[in-house]
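Residue strings, one per chain:
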Amino acid sequence: MNKSRNKAFSISESSRRSKVVAGTLVILYALVTMIPLVWIFLTGFKSPPDSIAYPPKVFFTPTLEGYVNLFTTRSRQTPEYIKSLGPPKTWYEELVRKRNMVITGPSRFKDRYMNSLVIGFGSTFLAVFLGTLAAYGFSRFRVPLKDDLLFFILSTRMMPPVAVAIPIYLMYRQLGLTDTWLGMILLYTAVNVSLAVWLLKGFVDEIPREYEEAAVIDGYSRFQAFVKVVLPQMRTGIAATAIFCLIFAWNEYAFALLLTSGTAQTAPPFIPQIIGEGGLDWPAVAAGTTLFLIPIVFFTILLRKQLLRGITFGALRK
Amino acid sequence: MSELRLQGLRKTFGATTAVDDLSLTVADGEFLVLLGPTGAGKTTTLRLVAGLEQPDAGSVFINGHEVTSRTPAERDVAFVFQQYSLYPHLTVYDNLAFPLRAPGRRWPEELIRARVQEIAAMLSIAHKLDNRATELSGGEMQRVSIGRALVRTPNLYLMDEPLSSLDAKLRETMRVELKRIQRDLGATILYVTHDQLEAMTLADRIAILEDGKLIQIGSPREIYENPVSIQAARRLGSPPMNILPPAALRILDVPAGTERIGVRPEDIKLVEDGIPASVKNLEHLGPETVALLALERDTLYLSLPPSQQIRRGQRVNIKVDREKVIFFNGKGARIDTGKTAEVGR
Chain C
62 MNKSRNKAFS
72 ISESSRRSKV
82 VAGTLVILYA
92 LVTMIPLVWI
102 FLTGFKSPPD
112 SIAYPPKVFF
122 TPTLEGYVNL
132 FTTRSRQTPE
142 YIKSLGPPKT
152 WYEELVRKRN
162 MVITGPSRFK
172 DRYMNSLVIG
182 FGSTFLAVFL
192 GTLAAYGFSR
202 FRVPLKDDLL
212 FFILSTRMMP
222 PVAVAIPIYL
232 MYRQLGLTDT
242 WLGMILLYTA
252 VNVSLAVWLL
262 KGFVDEIPRE
272 YEEAAVIDGY
282 SRFQAFVKVV
292 LPQMRTGIAA
302 TAIFCLIFAW
312 NEYAFALLLT
322 SGTAQTAPPF
332 IPQIIGEGGL
342 DWPAVAAGTT
352 LFLIPIVFFT
362 ILLRKQLLRG
372 ITFGALRK
Chain R
309 MSELRLQGLR
319 KTFGATTAVD
329 DLSLTVADGE
339 FLVLLGPTGA
349 GKTTTLRLVA
359 GLEQPDAGSV
369 FINGHEVTSR
379 TPAERDVAFV
389 FQQYSLYPHL
399 TVYDNLAFPL
409 RAPGRRWPEE
419 LIRARVQEIA
429 AMLSIAHKLD
439 NRATELSGGE
449 MQRVSIGRAL
459 VRTPNLYLMD
469 EPLSSLDAKL
479 RETMRVELKR
489 IQRDLGATIL
499 YVTHDQLEAM
509 TLADRIAILE
519 DGKLIQIGSP
529 REIYENPVSI
539 QAARRLGSPP
549 MNILPPAALR
559 ILDVPAGTER
569 IGVRPEDIKL
579 VEDGIPASVK
589 NLEHLGPETV
599 ALLALERDTL
609 YLSLPPSQQI
619 RRGQRVNIKV
629 DREKVIFFNG
639 KGARIDTGKT
649 AEVGR
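The listed protein sequences derive, respectively, from chains C and R.
The opening position of the first sequence corresponds to residue 62 in this note's numbering, with each subsequent residue numbered one higher.
The opening position of the second sequence corresponds to residue 309 in this note's numbering, with each subsequent residue numbered one higher.
Mixed in with the good hints, there may be bad ones.
Derived pair list, reagent style EDC-like, types lysine to aspartate or glutamate, alpha-carbon separation capped at 20 Å [to be verified]:
(1) R:Lys477 - R:Glu448
(2) R:Lys577 - R:Glu631
(3) R:Lys632 - R:Glu567
(4) C:Lys289 - R:Asp438
(5) R:Lys521 - R:Glu382
(6) R:Lys639 - R:Glu518
(7) R:Lys639 - R:Glu591
(8) R:Lys477 - R:Asp438
(9) C:Lys289 - R:Glu417
(10) C:Lys289 - R:Asp402
(11) C:Lys150 - C:Asp172
(12) C:Lys289 - R:Glu382
Simulated from the structure, these hints should not be mistaken for lab results.
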């Protein structure tokens, strides 16, 4: 086809000019949304003075100080004392000593990050697992009061979750669930499972029953048919649902702040509390944020195909 | 040896009775076609046999054993669905191997490979084995889904309009193919269709269903020549049998109780002097010409050899041989006149 000469109107092929305009707009929008991320990424490699310099510095000498501060606790010492310690044994000790400090031990960031991983992925797995089974049930079986139940499940999302923070706090204190992995996983699962049921039910509804019937006749049990025939076809839906659930659980701040303090604290309430010399240690905060973003970015990139198809589910899938 | 017997099967969905007191037997190696209009209960019958639905009353026997409460897997039947039957996430090979890998069967992989290749060759889809099921054309998909039924040797093959989604040409080829395969394997098949041509060409016997009830069962010829009712008479034959009041064809000497008579389009002759009619419409089908004639009050179909010249709007005279006429009473049931055409199985 001769593209430049082809002036015929086409529904499937937009004109060159509108493609350029659309492309430019998308790139502009992407740039605007990327700026805060780039800013955080850069700040993580600035020295504390550079990070609060005004006007802000775009060009600076990168340093790993922020990352070192993020992972360590330090104390200020006199130059005499530091000299008496002998030459620094590692590159990060050297970095810290420039500011008249010595490393006194590891910070709790690693533990908080671990908590985030366990609680985020744990609750995502549980919500998607329960959601898949419930969605299959709602889609395939004659459930009494099905519509009312589905509405009830959805209704838990009609208020912001924080609205029930106080009752949940009291309940958790009674049950001994505050500041535990189990408590946080249960909480995030409870919030996410309604979303998971609704999203996944849409996907199960689109899979014709004939597949399961064929499998049952081919000699499989109903459960085996579900595992061998329905689940593989739900992959897209499960991936999309998992991302939505993970994003919520990973980023959740209010409940984490309220219900965790020590052992089960996740990264979101921890990162803003990183205190350095003279108040907040911005490079360390930025370093923590950067590291915090990695799993979710990785997970999203991994599942991006499914996510795209998942978001447009129903209307124009396939 | 595999025989299917249905006894007093009944299935209702809410207020509608899909299958109503249905009893029939499919003999070993027989090709039985369930024929009927949409909503006659054909598919429901098939699903009851497969165990995908539970009957409200009645029993299903396979090889003399009652299987009414058994699971589909335990009944060991194969089902070819009208559509959607290939697992879209699997290759053609895995689709065909799927039944053989089932828990109850679990063939060794080398046997599966041999069997799948054999079936694929038979259905000429061997070159597509590595393709995803979704990458096939309609005809190929349908062949794979028939192949998935054929890979194992079940008690019974159930087929729900397996050819309906194919184009006319392919349907014809597949019809011949299916009949050949059935003869070669000696398979027992219960086949659902609403296409009378398919029924006539494939069936050893046809069972005509209407509103969930069995109206007549017999060989295609039996039903064609000796239908028990107007419903059965109109189900076979294209164009269908003409159903008219006797006076319209000037047949006055009728058995007691006759309200309407039936005449096949090929049993009406054009004559010099007879019942006047005018030609309303003509369909030239090649081997025959179908004419729609208007009588005084009624219309009827007439099929003619193509050599017979006839024009639209032409006035003609027709004659009907009384010997070929079938008489029906007020309820649409056939009146037995003592003479039934000679028919053989």
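Now the hints, each set against the structure:
| no. | hint | result |
| --- | --- | --- |
| 1 | R:Lys477 - R:Glu448 | holds (14 Å) |
| 2 | R:Lys577 - R:Glu631 | holds (13 Å) |
| 3 | R:Lys632 - R:Glu567 | holds (17 Å) |
| 4 | C:Lys289 - R:Asp438 | holds (19 Å) |
| 5 | R:Lys521 - R:Glu382 | violated (27 Å) |
| 6 | R:Lys639 - R:Glu518 | holds (15 Å) |
| 7 | R:Lys639 - R:Glu591 | violated (32 Å) |
| 8 | R:Lys477 - R:Asp438 | violated (26 Å) |
| 9 | C:Lys289 - R:Glu417 | holds (18 Å) |
| 10 | C:Lys289 - R:Asp402 | holds (12 Å) |
| 11 | C:Lys150 - C:Asp172 | violated (25 Å) |
| 12 | C:Lys289 - R:Glu382 | holds (19 Å) |
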